[in-house]
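Protein chains in written order, with this note's numbering: chain A, 700 to 869; chain B, 47 to 172; chain C, 1304 to 1652.
Simulated from the structure, these hints should not be mistaken for lab results. Just so we're clear, the structure is a prediction, and the values are computed from it rather than from any experiment. Warning: the hint list may mix true and false statements.
[As the list claims (entries may be wrong)] Simulated crosslink set (DSSO-like; lysine-lysine; CA at most 27 Å straight-line):
1) C:K1512 <-> B:K166
2) B:K140 <-> B:K92
3) A:K864 <-> B:K165
4) A:K865 <-> B:K113
5) C:K1649 <-> B:K113
6) B:K165 <-> A:K865
7) C:K1632 <-> A:K864
8) B:K140 <-> C:K1632
9) A:K865 <-> B:K140
10) B:K165 <-> B:K113
11) A:K865 <-> C:K1512
12) A:K724 <-> C:K1403
13) B:K113 <-> C:K1463
14) C:K1403 <-> C:K1389
15) C:K1504 <-> C:K1649
16) C:K1649 <-> B:K92
17) B:K165 <-> C:K1632
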Amino acid sequence: MLPQVLFLYFAFAIVALSLAVITRKNPVHSVIFMLVLFFHIAALYLTLNAEFLAAIQIIVYAGAILVLFLFVVLMLNLKEEVTEHRYISLWAVGVLLSIAISAIFLMTLSSIPLGAKGVFSPDVIASETHTVALGKLLYTEFLYPFEIASVILLVAIVGAVVLAKKRLKS
Amino acid sequence: MLIMPGGYVPIDYLPVLIFMVIASAFGLGALLVGSIFRPRRPYPEKLMPYESGNPPVGEPRYRFSIKFYIIAMLFVVFDVETVFLYPWAVVFDKIGLYAFVEMMIFIAILLVGYVYAWKKEAFKWD
Amino acid sequence: MDHIVTDILEFIFLMWFAIFSAGTLDVLINIGIIILKIAAVVAVVMTHVAYATYFERKAIGHMQVRLGPMRVGPHGILQPIADFVKLFFKEDIIPAQADKPLFYIAPVIAVFAAMSSLAVIPFFNGFVIANLNIGLLFILAMSSIGAYGIIMAGWSSNSKYSFLGGLRSSAQVISYEIAMGLSLVGVVMMAGSLNLTDIVKAQQAYPLKMYIFPQFLGFFVFMVAAFAETNRTPFDLPEAESELVAGYFVEYSGMRFALFFAAEYIGMILMALLGAICYLGGWNGPFQIPYIPFAWLLVKVYCIVFLFYWVRATVPRYRYDQLMALGWKIMIPLTLLNIVITGVIKILT
Chain A
700 MLPQVLFLYF AFAIVALSLA VITRKNPVHS VIFMLVLFFH IAALYLTLNA
750 EFLAAIQIIV YAGAILVLFL FVVLMLNLKE EVTEHRYISL WAVGVLLSIA
800 ISAIFLMTLS SIPLGAKGVF SPDVIASETH TVALGKLLYT EFLYPFEIAS
850 VILLVAIVGA VVLAKKRLKS
Chain B
47 MLIMPGGYVP IDYLPVLIFM VIASAFGLGA LLVGSIFRPR RPYPEKLMPY
97 ESGNPPVGEP RYRFSIKFYI IAMLFVVFDV ETVFLYPWAV VFDKIGLYAF
147 VEMMIFIAIL LVGYVYAWKK EAFKWD
Chain C
1304 MDHIVTDILE FIFLMWFAIF SAGTLDVLIN IGIIILKIAA VVAVVMTHVA
1354 YATYFERKAI GHMQVRLGPM RVGPHGILQP IADFVKLFFK EDIIPAQADK
1404 PLFYIAPVIA VFAAMSSLAV IPFFNGFVIA NLNIGLLFIL AMSSIGAYGI
1454 IMAGWSSNSK YSFLGGLRSS AQVISYEIAM GLSLVGVVMM AGSLNLTDIV
1504 KAQQAYPLKM YIFPQFLGFF VFMVAAFAET NRTPFDLPEA ESELVAGYFV
1554 EYSGMRFALF FAAEYIGMIL MALLGAICYL GGWNGPFQIP YIPFAWLLVK
1604 VYCIVFLFYW VRATVPRYRY DQLMALGWKI MIPLTLLNIV ITGVIKILT
C-alpha cells in the first residue's frame, strides 16, 4: 500500500516539476526546479533500494551537471528567455498535436510487455548493500564498459579544453 | 492498471527526510519570525546595490571569463571519476589485485586527459 | 480513458488509507523519537556554532596580543547572544533590482545543505540519526548542494561584488570538492564501507585507533580541501574583504546574513566532525571516559576547529590563480598517489 502511494507521489511530482522547469521564463528559476526534480528522482531510486544510484543522482547530476548548466545560463546572461518566432503560429494546432501524441502514448501503454524480473530485487540488495552489489558486478563482469567509460571521460576532457580554448583565442 | 516499479519503502531514509524538513524549517522559521520584529524603512538609496558609496555603473551580471566554464566542465568529468572510485574502494578487499589493476588502467587513461588539460593550460588562471 | 479515472480515485483512497490506517500510533511515536534526537543534535550544534564565533575571536585576539571580546559578560562570554539579538532585530534590506524568490531562498539552501549532513554523523556508538550505508556519499552530496546557495546569492543580489564573489566561490568549492572526494577514497578502501559507523569501528585495529598514520597523505589533502570548501582563510577569496567587500553576501543583512554565517560555521564543524570520524577514530580513544560516550569525539573536533582558527591567524590569503593551481595541480595528484599507495599496501599485506 505505502510503496504505491510513494511511487504515485514521486511520479506526479516529477511530471509537475518537469513542467515547471520548461515553463519558467527565467532560466535560473528553471535550474532551481530541476534541482528539486533531481531530489525526487533520487528518492525514486531509494524506492528500489538503489541507494548508491540515489547518491550519484545528487552528486553527479545535481552537484556537477546542473552546476555546469547554471554556469552556462549565467554566462549567456539571459535575463528573460530569448523570444524566438514560433514554429507553428496557430497555438490550436500545437495543442491538437500534443493531445494526439499523448493519446497514442496512452493507447500503447497497456500493450507494453513487462520484462522478467532481474536477480537484484530490493531484498537481495538489502542483504549485501547496494554499493557492494554494484561494485562486485561492475568491476568483474562489466569490466569492459567500465574501462570504456574512462575513454569517454577522456574524450570529454579533451573536448572541453579544445572548445573552450578556441573561444578563448577568438 | 498502472505499471509501478519499486515496492520497497526506504524506511532508513525517513530520519533524513525529517532532518531535511527541520533544517529548511529552521532557516525559513528564523526569517519569518524575524520579519515580525525587525524594522523595515526602505528608501531608494538604501536599496541600491553596494558599490562603495558610488552609484552603480554598468551591468551587474556581466559576461564572465570562460575559465569558469572550463573548470565546471572538468569538474563534471573528475566528479564522475570519483564516483567510479567509491564502489571500487568498497569492494577492493573482495576482488583484490584484479580490481587494483583495472582501476590503475582506468586512472592511467584519465591521467592522459589530465596531462593534456595541464599542458593546454586549462588550470592556469591569467 | 475510463480506468485512469478509477486509478486516480484509487490513489486518493490509498493516500487516505495510508494516513489513517492501523498502527499509526507506533509510527507517530517513532517519528517523535526521531524528532527529539534531531532537536538534540541541532541544539548542541547551534550552541557550538554560536560559541565557535566567540572562541574564534578570543583565540585570534590572543594570538595577535589583543583581548578579543571583553564587554558583554565576564570576558565577553555572552557576546554570541548579543550578536544574535543584534542580527535578529536588524533591518532586512533587499536590493531593489534583486531576484526576490532566489534572494529569499539562497540562505535557506545554504543552511539546509550544511545542516542536513549532520543526519548521518555518528556521535557515539549507537547514536546516529540515520545509519545510512552510504553515509559518506550523503555528506559529499549535501556539500555539493551548498554551492547553489552561494551561486544563487551571488546572482540574485544584482550586484557586481556578489556576482563575482559567487562565481569565484562556486568555482573554488567545486574544484576542492574533487580533492576532498578523492582523499576520502583511501579511507573507504581501508574500511571497505561507506557507512560512517563502520568506518569508525574499522579503525579500532590501527595504531591509536586512528587512520591518520596510514592515511596521513589523505588527511592532509582532506584538511586543505576542508579549508577551501568552507571558504576559510587562507582560501577565503570569495569574501576577500579588501577587494570584494564580503563576496557573495554583500547585499545580505540581518537575519539573512546570519543564516549564511551560521551555514559557514556549521560547515566548519561538520568538516571537523568528518575529519575526526574518518581519520581520527571518531568516538574511540586510548581509554574509555566514563559517562560521556562522545567525549573523545568532542576533544578531536575541538582540536580540528582550533586548527581552523590557528591557520586563520597565521597564514595569509592565497591569490586566486594560486588557489586553483594548488587544487588542480597539487591536491588531485596527491590524492591519486594516496590511492595507489593504499592499494599497493593492501595488496602486499
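Okay, the hints, checked on the actual structure:
no. : hint                : verdict
1   : C:K1512 <-> B:K166  : violated (44 Å)
2   : B:K140 <-> B:K92    : violated (63 Å)
3   : A:K864 <-> B:K165   : holds (12 Å)
4   : A:K865 <-> B:K113   : holds (12 Å)
5   : C:K1649 <-> B:K113  : violated (39 Å)
6   : B:K165 <-> A:K865   : holds (15 Å)
7   : C:K1632 <-> A:K864  : holds (19 Å)
8   : B:K140 <-> C:K1632  : violated (32 Å)
9   : A:K865 <-> B:K140   : violated (46 Å)
10  : B:K165 <-> B:K113   : holds (15 Å)
11  : A:K865 <-> C:K1512  : violated (52 Å)
12  : A:K724 <-> C:K1403  : holds (15 Å)
13  : B:K113 <-> C:K1463  : holds (18 Å)
14  : C:K1403 <-> C:K1389 : holds (24 Å)
15  : C:K1504 <-> C:K1649 : holds (18 Å)
16  : C:K1649 <-> B:K92   : violated (62 Å)
17  : B:K165 <-> C:K1632  : holds (11 Å)
The structure is inconsistent with the numbered hints 1, 2, 5, 8, 9, 11, 16, although it conforms to all the rest.
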